[in-house]
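Trainee: Here are the chains, one letter per residue:
There are 6 protein chains.
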Amino acid sequence: MSDIVTFGETMLRLSPPANERLEDVDEFEVRAAGAESNVAIAAQRLGATATWLSKIPETPLGRRVVGELRQHGIETDVVWSHRGRQGTYYLERGGKPRGTNVIYDREHTAISTAEAREFDADRIKDARVFFTSGITPALSSTLRETTANLLNAARQGGTTTAFDFNYRRKLWSPEEARETLTRLFPGIDVLVIAARDARTVLGFEGDPRQLAHKLGSQYDFTTVVVTRGSEGAVGWHDSVVHDQDAYETETVSPIGTGDAFTGAFIARRLHGDDVPKALEYAAATAALKRTIPGDVARVSKEEVDAIVKEGGTEISR
Amino acid sequence: MSDIVTFGETMLRLSPPANERLEDVDEFEVRAAGAESNVAIAAQRLGATATWLSKIPETPLGRRVVGELRQHGIETDVVWSHRGRQGTYYLERGGKPRGTNVIYDREHTAISTAEAREFDADRIKDARVFFTSGITPALSSTLRETTANLLNAARQGGTTTAFDFNYRRKLWSPEEARETLTRLFPGIDVLVIAARDARTVLGFEGDPRQLAHKLGSQYDFTTVVVTRGSEGAVGWHDSVVHDQDAYETETVSPIGTGDAFTGAFIARRLHGDDVPKALEYAAATAALKRTIPGDVARVSKEEVDAIVKEGGTEISR
Amino acid sequence: MSDIVTFGETMLRLSPPANERLEDVDEFEVRAAGAESNVAIAAQRLGATATWLSKIPETPLGRRVVGELRQHGIETDVVWSHRGRQGTYYLERGGKPRGTNVIYDREHTAISTAEAREFDADRIKDARVFFTSGITPALSSTLRETTANLLNAARQGGTTTAFDFNYRRKLWSPEEARETLTRLFPGIDVLVIAARDARTVLGFEGDPRQLAHKLGSQYDFTTVVVTRGSEGAVGWHDSVVHDQDAYETETVSPIGTGDAFTGAFIARRLHGDDVPKALEYAAATAALKRTIPGDVARVSKEEVDAIVKEGGTEISR
Amino acid sequence: MSDIVTFGETMLRLSPPANERLEDVDEFEVRAAGAESNVAIAAQRLGATATWLSKIPETPLGRRVVGELRQHGIETDVVWSHRGRQGTYYLERGGKPRGTNVIYDREHTAISTAEAREFDADRIKDARVFFTSGITPALSSTLRETTANLLNAARQGGTTTAFDFNYRRKLWSPEEARETLTRLFPGIDVLVIAARDARTVLGFEGDPRQLAHKLGSQYDFTTVVVTRGSEGAVGWHDSVVHDQDAYETETVSPIGTGDAFTGAFIARRLHGDDVPKALEYAAATAALKRTIPGDVARVSKEEVDAIVKEGGTEISR
Amino acid sequence: MSDIVTFGETMLRLSPPANERLEDVDEFEVRAAGAESNVAIAAQRLGATATWLSKIPETPLGRRVVGELRQHGIETDVVWSHRGRQGTYYLERGGKPRGTNVIYDREHTAISTAEAREFDADRIKDARVFFTSGITPALSSTLRETTANLLNAARQGGTTTAFDFNYRRKLWSPEEARETLTRLFPGIDVLVIAARDARTVLGFEGDPRQLAHKLGSQYDFTTVVVTRGSEGAVGWHDSVVHDQDAYETETVSPIGTGDAFTGAFIARRLHGDDVPKALEYAAATAALKRTIPGDVARVSKEEVDAIVKEGGTEISR
Amino acid sequence: MSDIVTFGETMLRLSPPANERLEDVDEFEVRAAGAESNVAIAAQRLGATATWLSKIPETPLGRRVVGELRQHGIETDVVWSHRGRQGTYYLERGGKPRGTNVIYDREHTAISTAEAREFDADRIKDARVFFTSGITPALSSTLRETTANLLNAARQGGTTTAFDFNYRRKLWSPEEARETLTRLFPGIDVLVIAARDARTVLGFEGDPRQLAHKLGSQYDFTTVVVTRGSEGAVGWHDSVVHDQDAYETETVSPIGTGDAFTGAFIARRLHGDDVPKALEYAAATAALKRTIPGDVARVSKEEVDAIVKEGGTEISR
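Sequences listed follow chains A, B, C, D, E and F, in order. Numbering-wise, full-length UniProt numbering puts 108 at position 108 of the first sequence, and it's gapless, one number per residue. Numbering-wise, full-length UniProt numbering puts 144 at position 144 of the second sequence, and it's gapless, one number per residue. Numbering-wise, full-length UniProt numbering puts 181 at position 181 of the third sequence, and it's gapless, one number per residue. Numbering-wise, full-length UniProt numbering puts 211 at position 211 of the fourth sequence, and it's gapless, one number per residue. Numbering-wise, full-length UniProt numbering puts 290 at position 290 of the fifth sequence, and it's gapless, one number per residue. Numbering-wise, full-length UniProt numbering puts 173 at position 173 of the sixth sequence, and it's gapless, one number per residue.
No lab work stands behind these hints, which were simulated from the structure alone. Warning: the hint list may mix true and false statements.
You can't tell identical chains apart in this list, so a pair holds if it fits in one copy or across any two.
Said to hold, decoys possible - Here are the simulated PhoX-like cross-link-like pairs (lysine-lysine), alpha carbons at most 25 Å apart as the crow flies:
id, residue 1, residue 2
1, K309, K170
2, K277, K309
3, K96, K309
4, K301, K96
5, K301, K170
6, K96, K277
7, K214, K277
Please take these sequences and the hints and turn them into a complete structure.
Mentor: Laid out in structure tokens, this is it:
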């Protein structure tokens, strides 16, 4: 029985070394990468116990994904499938003005066929928090239904539901996303959303404080966190809005920063922190994540504590 | 205008370094790999000019494949597609008793939708040889039709047609293969087939000499080559059967050996060699290929000449 | 609750790439490596559930070890220590006549201070098998006592005890080993021992069949397995001796072969196999291990099944 | 028949990984690198068709160079030579204050013996632009003559001639360069020159706008582009001077930036752009090049378009 | 006979590639690293001859350390030991706010048992400078005595003694350090100390100029250099204080910067420079070091000269 | 003052990883490699002290070569040159039938201009053995004279002269080699020569025993060793011929085996061994060398002793 249970797809991420181009390298780095497992790992690192639910092909590639997640410390509870691909994505990192480019190859996957009845509902009902993100229902119509059903199960079990909006324009249009995700909102307690998504997908206007307030009021969430990248985040709770600055950081890999933030926020809330304190830990975890290659926040609680307390060190010897 | 035109899928091949397992490595080697482009390259290396036809997604991955093939020296004439995946396969090498394992991820590819009318028929009609293999029609029903149509176009243009049976049990059943491929046989002049496939897919019996003779007689091929791995090959032509031993070799990568054999055989036949001489060059090219990592026979004509003449050297300095 | 619980040290293994020398490389490969965790992983891979007990420093190095073991699929139950080093060893691989050389750096480790009372005795009592090896008591006088105490706890709980003699001449003298280990024999049900150790450490004489018989009779073991490297193994049980040949294999890494053998043997015995059948699976797992880099048998049950049934394949595609 | 034909030496570039020193590394990265092939590739990437002419030793090293250039998409038309070395250079990258250091090993090369009559003059006469740079005549006295003869052939065929001044102090003195290159000026339509070279080699004074104007007036060029590194460039055409700022960029490799600029400028001029528009594309291509390891601008037209239009993205997913 | 003789421990430094974490990488970079050998190498590179004294285990690891130091150009005079470990340390590099973390594994080493009588005192007496640092007496009580004895021998031989305070909090407390090191002060001519250490360990107050002055006056040193990281250094000599700014630099590896500074300072003083000139060279060497991976200042005298004279170049070709 | 002084060229050796082809890799391994430095290192490893004389360009590449040789333990005494290239060679390893191919790029080197008067003759006169090989005079006419002069100097100083015939067909014809080298024979005491060279270059006939005898008698050598690759060697001394078998070995790199043999033979003769004993050590060192990547015999005396005594081990732990 874990404090937090997450549900979603974890892909194999293939990327050329350093700043090389996909177009002509002879080797790819391989990592497990998925928003919901990232959140589970960040939460576990910050002191919660976490389980990730998914459906994975029964192949060496699928075992590769599950093994890496276990290595990072979480429990995994997967439906092993004999049909459907292992999702992959190709990532090319480039500094300005090239940018970082993602090529998804995640159609026809095992998880796109996952139905709620394939999972043990008690896993979710016994947890304190159930988490998934807007990526999951974007993957297939089956998963739209499954996401709704699992959120439902959580609510029935009295489990708090947390959701990261995570709009991905390479998966669906803003219109599809808005229609699908707002339909899920009534089942969600804690919403995390990028200011950009609140504006371009949901059509809200205003500064992040206003966005948080409008979202919270309109959809009856318990808590709304609006993230703003390097400008920090805003948390709305009990009709009060709290500001949190981002910590200064030297970015090695920006991917997964939001997941680290969310996982840490949830873990600290479970630990008993109030929203401002949890936001502080979330921001520190996000800053630390950006210094680490790959999508996963391989951090320790002590390191995050040190940043919250002292802002980090240069050489420790 | 090339001497030989080949048609087929070329995948990205992803494999762990050395003898590592797919299950837990952090990096994959990346190579372009496909039977028909392998044949084109081997033929070009042996002195023919060669063009490879295909349909490829217009992405960095697709450009990666085409760029590598161009590097190896052939012309490429591809239909760039905005739909469909780039096919990939995962290869894990293991010595005895583990063996080498292949995991295909080649469904829903761009090429699976390729129709004959997308290609310039004159390319094929102007060539001296048109080549494809039994892998191509195994990939989709569209490709079954396309393969038949392209073989037809070649015959209409007076272009010799060559075909490697290449049965892949992870793509289709022996029954499907037999039914589909024997239907193509009337349009084929030169057949290359593994003795094992002749037996288990086509149901012939006897030693390789007998297999070659039976195949040649029954289906009205001009030439039949029956390959037997490390035991060499047998060539049937004008009702005469010729034996060719394999050269002794230290195998680094067995994949692509048959393609190297076939490409060299075709190139030497085009060059004017009789069947026994062409088989000798084919066997030498195959032996050289086995010493080279990857699927592609990156050999030079001079090296193959040297093996045919002297059997290879130890240190040349 | 796991079928099998093992106890022992797992080190960081540092080795130069391929055949390079420790003396002048600029990079080391890093792997977790320890006889008892190797046995747990092999057992788990063959279908048992397994837990590894140990004491590990609370550092990134310690977490590195535990993370890798979890990735391979077993449960880990470790006492995190703030004192004592993480054990390491340096491995240099060389073909004949250089041989493979091991430099231990495993003194003053956290585990060398581990006492039985630090572990949850119920973990062991609830298991069906408890396993450790002759390496553990060789590491410190504290561990000699701890080993005895844990074997005792197992016996009290009705848990079968299994023990690999594993004499290491770089840790202690044959005399010390004999005196210490024979004192543990009365608490052991299943003994695995290399023929060489039976002769040079215990002073027995005869062929492996005779060694197995003498050991079994003299010390009242339930089962004795005498291993003979590439010449197979001999199993003594109920006064009957069974021979098992080794499978032919292309060795990439011989280290860990014995552990793979033992883990598979235990798992299959738990599964219900008789001794000859379990020896067959053990030999197949050992053969497969030898094709895999590192100390750990990252195999699947299906692969081992295939070898037992067909002896392995060359290319599967 | 290509839009643009370039002529010059392409070397093997050998460099230690990342910021390591030539003095003590155990591995070198290998890349093909030459100003004139860089220009051809950049032009091809921006939509022109391009051919590179050269003379190359008939060795695996020579084939390595030609293969890599073909991979990047251009046609190669080389004289294969049995005499003369393959030119190489060693590159060590260091941040401030170390700087990037180049050690040339390009004497006694095959290309240093290349005469105009070895190349097919029609190749040049049929092209719309012929390009070479001030490096070529610096390599040997034979090449001084050859450069003049090829520029001549271009002019006779009505082909526009473009020339990058490219002064290299490790190849010759400013005096030698001035004397040789100004003698070529009458045969050149489009000159690209660094402001620094205009000052220290040609002895002009003034700001870049003045340099462009003075050069254009004095030598009767059609177009003069004066480049100023991170401060942008200035284009003089029809007696009008146009300013172009550099795009902000995170530099991974500065080598080849000028070649990317020039290739893009030529391609866009051929495409029909006026000088200011072509300078804009040139600057965008140069900025993109700086984010890419190696000497070659492995960019796509779409990426350059996106930068001209939007200035680049952060994460595209 | 060398100009400068240094004494101290040199470890094997193990670090994950780039910004990866110790916790989950599969390979470590390996380098020799120790303050006193770093100082010797920097001094040698700047034109002095240098010998490093130490005690090292007679193993491939020990030979690895000595071989690398010899490669960098210094003489080594080591007592080969059959007891005691080779010291290692694990280094993880992280940008802000993670910082760079060091895990020492340097207890129970061969050098911790080194006594003065094991070394040839004439080596030290014949040198012009003898150098060690505050790390050496921190390693064992034996080494406290040995350090005192060797400093004594130097003084008896008329050899100038130089000492870097080098406080390491992971080795001992400020109190222990203060008590031990101030006891050594009377035997020391030239002291190098970080402003931070002067404050937190020795309890001095004031700005670096004041610290230098107070230290010099109170303990009767000939010369005191107070270093201030990126803010430069201050040198006190003959009651005069000289300021030296740090050169601007792109830091690849900060470790070893202080050692490079000190080695260069000593070498230039031996060369005859006055204190301000020697500080200038020391600062330039330190800046150059920061651009180089690893702990060792693999620089040339010409490069340092160029920085002192021109401040460095961008591309030299 | 060293026991043995060697003179010759040491190159940078560039080679693709594992079995890859020069033609298309993106990285080269870099090693120092030269027959005469190889001999010096092997001799030093076997217990003699050794110095290598050469002329080397004053560049990072030259320092790279000298640094690596120093790392392996020998003294280096080089003339640093501001003219002439650093010699390089490209090595491609391939199993049968591809073979190992060497491409020399060693013309116009610094060493090709080396004259005897540039070296300190006393270095040679004070040594017990002076060694060079037939490669040196093959490099330039200047070096032919220099080789003769240095051999002369050795004889005048009473230093034993040893010479490895080392015919390289890529450097000169058999006729040139015969004429040049036989002219040097009167100045040589100990000749090492491959049976193949004795036959094809010198025109002798017979089995190795006969070759040794004929060579010894005809040219008045003190000792003649005729090597026969994997079939061992024959030593002629005082009119007696001694046979030495090769040790069984798993070859990782055959290059440098002869140098290891020769260096060990000389060192053991200096140590006082008779010819049969010295041949035994030479054969064991050669066997060990073949297990080690690169050209250099990075072995220890203890390892060679162990092979002579026991023939090597499998795993030592």
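Trainee: Work down the list of hints and note, for each, if the structure agrees.
Mentor: Hint by hint, here is what the structure shows:
Taking the shortest Cα distances, K309 and K170 sit within 25 Å of each other only across copies (20 Å), while inside one copy they are farther apart (39 Å). Proximity of K277 to K309 under the C-alpha cut-off of 25 Å is restricted to the intra-copy arrangement: shortest distance 12 Å within a copy versus 42 Å between copies. Proximity of K96 to K309 under the C-alpha cut-off of 25 Å is restricted to the inter-copy arrangement: shortest distance 14 Å between copies versus 32 Å within a copy. In the homo-oligomer, the alpha carbons of K301 and K96 lie at most 25 Å apart only across protomers (17 Å), although the nearest pairing inside one protomer, at 32 Å, exceeds that limit.
Proximity of K301 to K170 under the C-alpha cut-off of 25 Å is restricted to the inter-copy arrangement: shortest distance 21 Å between copies versus 34 Å within a copy. In this assembly of identical chains, K96 and K277 lie within 25 Å of each other by CA distance solely across copies; the values are 21 Å between and 34 Å within a copy. In this assembly of identical chains, K214 and K277 lie within 25 Å of each other by CA distance solely inside one copy; the values are 23 Å within and 45 Å between copies.
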